[in-house]
Amino acid sequence: MTYNPLEQVEFTDNPEPRCPVILLLDISGSMSGSPIAELNEGLRAFEQTIKADRLTSLRVEVAVITFGGSPTVVSGRGGGATSLPFDAHQAFVTVDQFIAPTLTTRGSTPMGEAVRQMLPLLRERKQIYQQNGIDYFRPWVFMITDGAPDSGWETAAEQMREEEGRNGLNFFAVGVEGADMQTLARFCKRNQPLKLKGLAFRDLFQWLSNSLSAVSQSQPGQQVALPAVGWAQIGI
Amino acid sequence: MQTLTWRVVGAAAQGVSHLEADLPCQDAQLSRIMSDGTVLLAVADGAGSAARSQEGSRCVVEQALDTLATALDAQSPADEAAWRAVMTSAFATAHTALNELAATAQVSPRLFATTLTVAVLTEAWLVLGHLGDGCAVVQSADGRLFTAVRPQRGEYVNTTYFLPHALDHLELAVYTGPIQAIALTTDGLLRLALALPELEPYPRFFDPLFAFASDFTDQATAETQLVAFLTSERVSSRTEDDKTLVIAARPRSVAAPVTPTELATSTTEEQSHADLP
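Line order of the protein sequences matches chains A and B.
Start counting at 1 in the first sequence, then tack on 1, and there's your number in the numbering used here.
Start counting at 1 in the second sequence, then tack on 750, and there's your number in the numbering used here.
It is worth saying that the hints were derived from the structure and are not from the lab.
Hints are not guaranteed to be accurate.
Covered by chain B, per the in silico footprint, the following chain A stretches (three or more residues, Cβ under 8 Å) [unchecked claim]:
hint	segment
1	9-22
2	71-78
3	142-152
Quick partial rundown of chain A residues pointing at chain B, CB under 7 Å, derived from the structure [said to hold, decoys possible]:
hint	residue
4	Asn5
5	Pro6
6	Pro221
Built from N, CA and C at the ideal position, the CB exists for glycine as well.
Model the full structure from these sequences, guided by the hints.
This is how it looks when you write it as structure tokens:
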């Protein structure tokens, strides 16, 4: 093959666009036993799957926030379930560094407080992207709960719906057996909350990472086709 | 009257992700050199999941250049306002053509959704019409590179505007002054050729590219080399999307003016970026 002058062309080294994901997880007392064990299994499966897809692993960033006792940002960098401040510089971890935390249960269900603290954290993360000239996809917030929130949740629900209404995030709520689905629905604007089949956390997290793969690759004008939801009960 | 000739070459190549998903190349590109030396260039990127967007992208590049050629044959625009009107009509007819395609097929026009970027180059003018996330990079006579129209984007990286439904987001840009070269591209090459966050053209991408376009002597060879570049492992490993380039450059044997010249620009932004979805 004769010399191609275009072999002289070189390329810029731009940072990949980020796909921020927040996992909001209920670790209240009622999750003790099988539920929390299965949730931890699901988180490990999530870690494996997001690492397996090239674009997902380059683009997704994860923050884990638990609520059961006070809302806590849990370190996604391993070391058990170390807690971190609600600081957008520290809370998000890239896939290559993400190690699924092992969660234990405690306390009641301060879901409202968790949401109230999560929203500014997400806004701060977007500002960090903007300040650093990093492109990003619409963030996903994925909440799992098995109960009803402690009192004082109403403003948080409204804030969540408003933020989704502004297209600031994509919110998915999942109720485990025993969850108060009606109250959960009050947090949702676009997607109705779904009820988990039994303790099928592995399937749930598999679905989440496949969905994030679809988003990470999506190009403008693409209706992101999410995979079929096999983990949810039909007719809540 | 001296007519400076241009060298023009263009190609569109299917992206790796399209190959894997069994999607055709949804990009299209077209160029035309008129008898008076005026150069017409167009690139279009069919929307990812719009089932017939490869027909949409081909339709709009053809329609836009047809409209421009007909209008310019009849009369050479005398001023900026006249140029804006001509470019606007090119987009209007492209928009209509998509709607007609859809009506004939009895399907929603959204199935043909596509971006579109168009350039007209004469000795005195560079006129651009732009909708979507492609872009145009210009090398002025003094060698300086600048982004003449920028990708239109919302807050999120996977959102932009398409014909036929977002015609009201059409952007126009008019430049005067000597230009050495111009490249139009769709978004597949953006992250390789422009430096974030300001989308500054990367000189080590564009200088060799424009040198290639200035120097080639055989059209068929140049096209083959451009296609080989777009489908090369170096490019495909860096972008999974369809990749398209159409380039016009003055031959380097023609002496360019020595004095750098200010280019006057004006853009119409139909809506502020705060309004983007």
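Right, here's what the structure says about each hint:
1. 9-22: It holds: at least three residues are needed, and the segment 9-22 of chain A offers 8 whose Cβ sits within less than 8 Å of chain B.
2. 71-78: violated (count 0)
3. 142-152: violated (count 0)
4. Asn5: Since chain B brings a Cβ to about 5 Å from Asn5/A, closer than 7 Å, the hint holds.
5. Pro6: Since the shortest Cβ distance to chain B is 5 Å, the answer is holds.
6. Pro221: Pro221/A check passes; min Cβ-Cβ to chain B is 4 Å, inside 7 Å.
Going through the hint list in order, the structure does not satisfy hints 2, 3.
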